[in-house]
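Asker: One-letter residues, chain by chain:
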Amino acid sequence: MPLLTVKNLAKYYGSLAALNGLDLTVEKGQIFGLLGPNGSGKTTLLAILLDVIHASGGNFAWFDGTEGDHARNRIGALLETPNFYPYLNADQNLSLVASIKRVSNPPLDSLLELVQLKDRRRSPFKTYSLGMKQRLALAACLVGDPDVLVLDEPTNGLDPQGMVEMRQIIQKIAAQGKTIILASHILDEVEKICSHVAIIKQGKLLATGAIGSILSDQPTVEIEAPDPEKLFQFLSNCFLVKKITRQDTRFILELAPGRNAGELNQLAFEAHIVLNHLVMKKQSLEVEFLEITRT
Amino acid sequence: MNPLHLLKLEWSKYFPNGSFRFFVGLYAGSFTLVVFLARSVGHNMTFDSNGTTSHPLAGIFDYPNNWGLLACIGSWMNVFVLGTLGVFMITMEFSNRTLRQNVIFGLTRLEVAVSKLVWAAALALGATVFYLFLGFGGEILDGSPGLPPAQDVLFFFIQVLGYLLLSTLVGLIVRQTALAVLGYLAYVLFLETACRWIFYFSIAKTRLLLFLPDQVLGALTPLPVPETVNHYVSSNPFTRPLSPSEIAVTALVYLGLFAAIICRRILKSDL
Numbered sequence: 001m002p003l004l005t006v007k008n009l010a011k012y013y014g015s016l017a018a019l020n021g022l023d024l025t026v027e028k029g030q031i032f033g034l035l036g037p038n039g040s041g042k043t044t045l046l047a048i049l050l051d052v053i054h055a056s057g058g059n060f061a062w063f064d065g066t067e068g069d070h071a072r073n074r075i076g077a078l079l080e081t082p083n084f085y086p087y088l089n090a091d092q093n094l095s096l097v098a099s100i101k102r103v104s105n106p107p108l109d110s111l112l113e114l115v116q117l118k119d120r121r122r123s124p125f126k127t128y129s130l131g132m133k134q135r136l137a138l139a140a141c142l143v144g145d146p147d148v149l150v151l152d153e154p155t156n157g158l159d160p161q162g163m164v165e166m167r168q169i170i171q172k173i174a175a176q177g178k179t180i181i182l183a184s185h186i187l188d189e190v191e192k193i194c195s196h197v198a199i200i201k202q203g204k205l206l207a208t209g210a211i212g213s214i215l216s217d218q219p220t221v222e223i224e225a226p227d228p229e230k231l232f233q234f235l236s237n238c239f240l241v242k243k244i245t246r247q248d249t250r251f252i253l254e255l256a257p258g259r260n261a262g263e264l265n266q267l268a269f270e271a272h273i274v275l276n277h278l279v280m281k282k283q284s285l286e287v288e289f290l291e292i293t294r295t
Numbered sequence: 296m297n298p299l300h301l302l303k304l305e306w307s308k309y310f311p312n313g314s315f316r317f318f319v320g321l322y323a324g325s326f327t328l329v330v331f332l333a334r335s336v337g338h339n340m341t342f343d344s345n346g347t348t349s350h351p352l353a354g355i356f357d358y359p360n361n362w363g364l365l366a367c368i369g370s371w372m373n374v375f376v377l378g379t380l381g382v383f384m385i386t387m388e389f390s391n392r393t394l395r396q397n398v399i400f401g402l403t404r405l406e407v408a409v410s411k412l413v414w415a416a417a418l419a420l421g422a423t424v425f426y427l428f429l430g431f432g433g434e435i436l437d438g439s440p441g442l443p444p445a446q447d448v449l450f451f452f453i454q455v456l457g458y459l460l461l462s463t464l465v466g467l468i469v470r471q472t473a474l475a476v477l478g479y480l481a482y483v484l485f486l487e488t489a490c491r492w493i494f495y496f497s498i499a500k501t502r503l504l505l506f507l508p509d510q511v512l513g514a515l516t517p518l519p520v521p522e523t524v525n526h527y528v529s530s531n532p533f534t535r536p537l538s539p540s541e542i543a544v545t546a547l548v549y550l551g552l553f554a555a556i557i558c559r560r561i562l563k564s565d566l
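First to last, the protein sequences are chains W and S. Mind the numbering: the first sequence is residues 1 to 295 in the numbering used here, read in order. Mind the numbering: the second sequence is residues 296 to 566 in the numbering used here, read in order.
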């Protein structure tokens with residue numbers, strides 16, 4: 001039974017299509033990444049799924065439609081910014097969330113411990129740093145032990161340490177077997193955390209599937225030489241190279257099937273080109289993402 | 296959907312808020328203060344030093360008019376303090392984005408709408424209890440407090456609820472606190488009156504203009520003027536006060552209309 005089914009979902013703002021006939025299925029237990037450039041419709045999609053904005057067309061169903069309007073009681077969600085009553089402290093805000101979700105005796109201690117906010121539990125929300133606000137939002141998501149977590153850019157605005165901490169918490173939650181839908185533009189994050197991914201651009205679904213199926217098996221090679229123009233000329237005529245992506249003076253190459261970096265290095269040397277940089281790279285989601293969204 | 300549960304939720308949200316407490320304190324304080332002022336100033340104006348009546352308005356201090364006078368004084372606080380509070384409470388939810396967050400956390404939109412209506416009714420009830428408290432407590436108004444006329448109490452409650460729903464509606468539409476407060480105050484202070492007079496002088500001299508929302512809500516708590524003054528006002532069909540039944544029915548229609556539009560806005564608009 002799919003946990004979430006989205007069919008032909010559309011949202012128009014005047015003539016602008018924020019979502020344009022989107023189809024999506026998320027199965028139970030998946031860590032599902034929603035990827036897309038800014039303005040691609042990720043947040044609009046999540047906002048519709050969480051009933052804060054209305055769709056212009058299409059439909060969706062959580063839990064096969066069995067929960068009706070109360071599906072969100074089984075979902076923990078962080079959409080865009082963490083929103084709480086600024087004059088209430090962490091305990092009061094979480095108790096309010098528990099009351100909304102009709103959860104009696106929520107385990108506030110363990111939740112605040114998980115997000116490392118136990119020491120500041122009595123401070124008003126308005127005194128928190130952005131990282132603390134994000135962590136409180138994550139704790140709120142976990143009230144009532146929901147089946148699904150919907151996280152929209154959970155590391156947005158955090159400093160590097162905050163990002164690492166947030167990522168670790170999400171991985172800890174994922175390890176408990178919960179379904180997570182994670183919208184992010186940080187590809188590395190999605191690649192590290194998610195089992196499945198959907199790539200969206202201009203409100204349309206461009207690709208979806210397991211991370212492994214989206215990524216190519218063929219590794220990439222990153223090279224550089226003192227004379228980039230001469231190197232580019234060589235690469236353009238080299239039978240070992242299937243695809244060239246230039247990044248300033250460096251070249252990211254996809255090699256032809258069965259070929260390797262050693263052969264390339266030897267051929268370059270024979271063409272009187274000495275490479276001063278050669279790194280083998282597994283095909284990254286970033287390269288694949290750029291390739292898919294370029295169309 | 297359990298209205299009591301929703302009421303508890305609203306209480307947990309608003310009671311700890313400093314601005315909410317300020318407005319409630321302002322309501323109670325200003326209501327009490329104005330009643331005291333009315334008593335001392337009005338008493339000096341309308342009675343001689345030996346306690347005999349020196350002015351036709353002196354009758355408003357006698358039972359049961361004193362309850363009407365108390366309601367009339369309270370109506371100013373209902374319009375300005377509670378009305379502004381009504382705007383503030385809903386726009387605060389928009390500025391903190393907590394209305395949409397409550398939906399994300401699991402409240403249905405219908406529950407959100409009902410919670411706003413139930414909370415407004417609870418505040419109106421609280422204000423009415425305070426009105427009774429002032430009336431009974433310590434003989435603030437001259438004359439025997441007696442038992443309050445049921446109509447005065449009911450009309451006071453309807454008026455508070457009406458202004459709270461009207462201000463909530465303005466807040467829901469405008470969403471920004473400062474603009475919404477300005478819009479609400481402008482409407483109750485002069486916009487409706489201006490529209491009424493413009494319509495009256497340039498389009499039609501119809502008594503229907505007395506049935507506009509602020510007119511009707513204001514008419515729920517008229518100054519209990521003696522019959523002689525009332526007779527003078529009544530001689531002009533346009534200024535002739537609405538009958539209690541006209542006021543009650545129209546006010547209830549407005550309450551229903553405001554509540555319906557509030558529900559529709561919450562159910563249908565993007566949060």
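Be aware that a few hints might be false.
Claimed, not checked - Taking lysine to aspartate or glutamate and the EDC-like style, the derived pairs with C-alpha atoms no more than 16 Å apart in a straight line are: (1) 563/S <-> 69/W; (2) 242/W <-> 270/W; (3) 178/W <-> 222/W; (4) 7/W <-> 64/W; (5) 563/S <-> 51/W; (6) 242/W <-> 191/W.
Just so you know, these hints were derived from the structure itself, not from any lab. Here the structure is a predicted model, which means the values were calculated and not measured.
Asker: Hint by hint, work out which the structure violates, then give me just those numbers in ascending order.
Answerer: Going through the list in order, the structure violates hints 2, 3, 6 and respects the others.
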